[in-house]
Amino acid sequence: MVEFLQQIINGLSLGSIYALIALGYTMVYGILKLINFAHGDVYMVGAFAGYYAAAVFHWSFVPALLFAMAGAAVLGVAIERIAYRPLRNATRIATLITAIGVSLLLENLGIVVLHPEPRAFPDLVQLRMVRLGALYINNRQLVIVLVATILMIALQWVVNRTRIGQAMRAVAEDQDTARLMGINVDRVISFTFALGSALAAAAGVLVGLYYGRIDPLMGIMPGLKAFVAAVLGGIGLIPGAMVGGLVMGVAEVMVVAFLSSTWKDAVAFAILIVILLVRPSGLLGRAVREKV
Amino acid sequence: MNAEGSGKRKWQDRLRAAFLSLSVLAAGAGTVRAGGVAWAAEPIKLGLVGPLSGDAATFGNSVVNAVKLYFDEVNAKGGIHGQKVEIIALDDRGDPAEAANAVQRLITRDKVTAIIGAVTSGPMKAAAPIANRAGVPILSPTATAAGITDIGPYVFRACFVDDFQGEVMASFARHNLKFSRVAVLYKVTDAYSAGLAASFQNAFKQAGGTVVLVQTFGQNDQDFTAQLTRIKQANPEAIYTPVYYTDAGLIAKQARQLGINVPLLGPDGFDSPKLIEIGGQAVVGSYFTNHYSSKDNDPVAVDFDKKYTARYGAHPDALAALAWDGAAMMAYGLEKAGTDRKALRDALASIKSFHGVTGTITMDAHRNPIKNALILQVTADGGHRIVTRVQP
Numbered sequence: 005m006v007e008f009l010q011q012i013i014n015g016l017s018l019g020s021i022y023a024l025i026a027l028g029y030t031m032v033y034g035i036l037k038l039i040n041f042a043h044g045d046v047y048m049v050g051a052f053a054g055y056y057a058a059a060v061f062h063w064s065f066v067p068a069l070l071f072a073m074a075g076a077a078v079l080g081v082a083i084e085r086i087a088y089r090p091l092r093n094a095t096r097i098a099t100l101i102t103a104i105g106v107s108l109l110l111e112n113l114g115i116v117v118l119h120p121e122p123r124a125f126p127d128l129v130q131l132r133m134v135r136l137g138a139l140y141i142n143n144r145q146l147v148i149v150l151v152a153t154i155l156m157i158a159l160q161w162v163v164n165r166t167r168i169g170q171a172m173r174a175v176a177e178d179q180d181t182a183r184l185m186g187i188n189v190d191r192v193i194s195f196t197f198a199l200g201s202a203l204a205a206a207a208g209v210l211v212g213l214y215y216g217r218i219d220p221l222m223g224i225m226p227g228l229k230a231f232v233a234a235v236l237g238g239i240g241l242i243p244g245a246m247v248g249g250l251v252m253g254v255a256e257v258m259v260v261a262f263l264s265s266t267w268k269d270a271v272a273f274a275i276l277i278v279i280l281l282v283r284p285s286g287l288l289g290r291a292v293r294e295k296v
Numbered sequence: 109m110n111a112e113g114s115g116k117r118k119w120q121d122r123l124r125a126a127f128l129s130l131s132v133l134a135a136g137a138g139t140v141r142a143g144g145v146a147w148a149a150e151p152i153k154l155g156l157v158g159p160l161s162g163d164a165a166t167f168g169n170s171v172v173n174a175v176k177l178y179f180d181e182v183n184a185k186g187g188i189h190g191q192k193v194e195i196i197a198l199d200d201r202g203d204p205a206e207a208a209n210a211v212q213r214l215i216t217r218d219k220v221t222a223i224i225g226a227v228t229s230g231p232m233k234a235a236a237p238i239a240n241r242a243g244v245p246i247l248s249p250t251a252t253a254a255g256i257t258d259i260g261p262y263v264f265r266a267c268f269v270d271d272f273q274g275e276v277m278a279s280f281a282r283h284n285l286k287f288s289r290v291a292v293l294y295k296v297t298d299a300y301s302a303g304l305a306a307s308f309q310n311a312f313k314q315a316g317g318t319v320v321l322v323q324t325f326g327q328n329d330q331d332f333t334a335q336l337t338r339i340k341q342a343n344p345e346a347i348y349t350p351v352y353y354t355d356a357g358l359i360a361k362q363a364r365q366l367g368i369n370v371p372l373l374g375p376d377g378f379d380s381p382k383l384i385e386i387g388g389q390a391v392v393g394s395y396f397t398n399h400y401s402s403k404d405n406d407p408v409a410v411d412f413d414k415k416y417t418a419r420y421g422a423h424p425d426a427l428a429a430l431a432w433d434g435a436a437m438m439a440y441g442l443e444k445a446g447t448d449r450k451a452l453r454d455a456l457a458s459i460k461s462f463h464g465v466t467g468t469i470t471m472d473a474h475r476n477p478i479k480n481a482l483i484l485q486v487t488a489d490g491g492h493r494i495v496t497r498v499q500p
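Chain order of the listed sequences is A and B. Counted the way our numbering counts, the first sequence spans residues 5 to 296. Counted the way our numbering counts, the second sequence spans residues 109 to 500.
To be clear, the hints were calculated from the coordinates, so they are not data collected in a lab.
Examples of chain A residues toward chain B, derived with CB under 8 angstroms:
| id | residue |
| --- | --- |
| 1 | N14 |
| 2 | D127 |
| 3 | M133 |
| 4 | R217 |
Here's a subset of chain B near chain A, in silico, CB distances under 8 angstroms, partners left out:
| id | residue |
| --- | --- |
| 5 | G162 |
| 6 | D163 |
| 7 | A165 |
| 8 | T324 |
| 9 | F325 |
| 10 | Q330 |
| 11 | D331 |
| 12 | T337 |
| 13 | T354 |
| 14 | L358 |
| 15 | K361 |
| 16 | R364 |
| 17 | Q365 |
| 18 | L366 |
No experiment lies behind these values; they were computed from the predicted model shown. A virtual CB, placed ideally from N, CA and C, is assigned to each residue, including glycine.
Let the sequences and hints guide you as you build the complete structure.
Below, the structure written as structure tokens:
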């Protein structure tokens, strides 16, 4: 029982990270109907931005985190401006292929510029063990869950309580009508990319902190899994991404703990296949027939 | 295209092939007639394959550094039988498929006499059959997995075999550290890791110890918390984790984060300055088996340490030492047998009491060296101390 609870805690830490990345996927999809496959690499760049802030400028955890988020936000906006905006009226498949291209570009640029050797991420938070009865929780796991929760609450507030959030929801609902209402659609899209990228960067820094290791290809697997998490929760739905991420994290840890590590990656994609077959709109999604 | 056309094309192809082979023959004859002078100026080409980037990059770079250092010295003294040695180094990124490509290229395009490499066992298993089939001697300085040299008569290595390494650590854990309960965590997708885990378990059980839990992980995994949480519940006195330094550093760190404070036991894959960089204080106190220590006071080893440090500004690791010995064995073979690949193979197979920096080497009937192992402990400054030396 103790072990089971301990594994749940491990799963929630991992799941919070998936959830943060999944939010970026789902927000962009909600507005542009685009699966932004470069998102996992934005997460990687965020981790490296945090690394440089901490290792080179010797900033502490919170400034490094904010720096990484700001840096990734700029990158996200730039990607949208350069790669996706010119294709705004192109077919969805053209934009999708472009997204894969941007992803490959960032990965290989990362190998050239940042070097392929894995690096040690600085210990920004001194390790401490917190004891809860027979349970051991380390403060880094608490930091991950805490930061993720704060960011998700902040996101909910931005989306539901601010003017720009209202504009985002309007654009997601119907771009053309939103434009007729005087909403600057391009600005709203840029803002969405900035927001999603910042959350991914936060996930990158948290992963660096937790595992202590980053490299230019670190975004591939978590990127794909967060995408599965977004689909699992219902793509385009913000609460769906949160739930999907947590479910994925816990499922993965449980599979490793009680089945076999060889099944770890398989389970993520098995979930994707099952959800697409059984409930394509996701756990929290309503079944909507696509208008032709 | 019609049938007549393709028939014509075939004829042209045949003619062209005939001319080509004639001209090759002529060129070959020309070289022979030109005599000793032209041959002597021709360098001996040796291929070198290893991970120069990726998770095992420090291994590959150590090997390249040492091999270059060795043959630069040979060349400065006038080469082997008047021929300079040219090294062609290729990156396999620690990937078996890349290693196979690299070896293929070295044999068909660069026409090397022999190959030093690959560095890690997985790539070596993919690369060695290609060289063996082509009759090109291939000597891995560092691939320790069982069965590597059974691939064929042209396959050699300069290091001891994993079974021995696993047995040495099992005996040390049982008899020197007096542990009776050990857990094992290994990488199931890696031949090196799986082989070591098996030999350690067998030897530890035979010595009267209990392996309380065996856990695995896969390629590119970075999260070991699920496995370590289980290990924690099993309450072992130590964790044997036969993995390379990157994984070892992460495992150590995550183990401490979960409140596991028992020492890690490891193989030669722990031997990298990156171990402490990634693992930090969590890896201090770990024990690992190794081929070599820069703190060894054997005169040959001291001399090597001096030369290597002078050129690269850092002490050599075991990989560099093994690569130096591998290069020395290759040079010995070339010296004795010349560049005929069959004769070179025979010379390498007959190496006896060869005094290298990693000990005295004698090739057994399976082309594996018989030599001793060291047990080292990681110290707080990121270095190590020699705990004991184990004879085979």
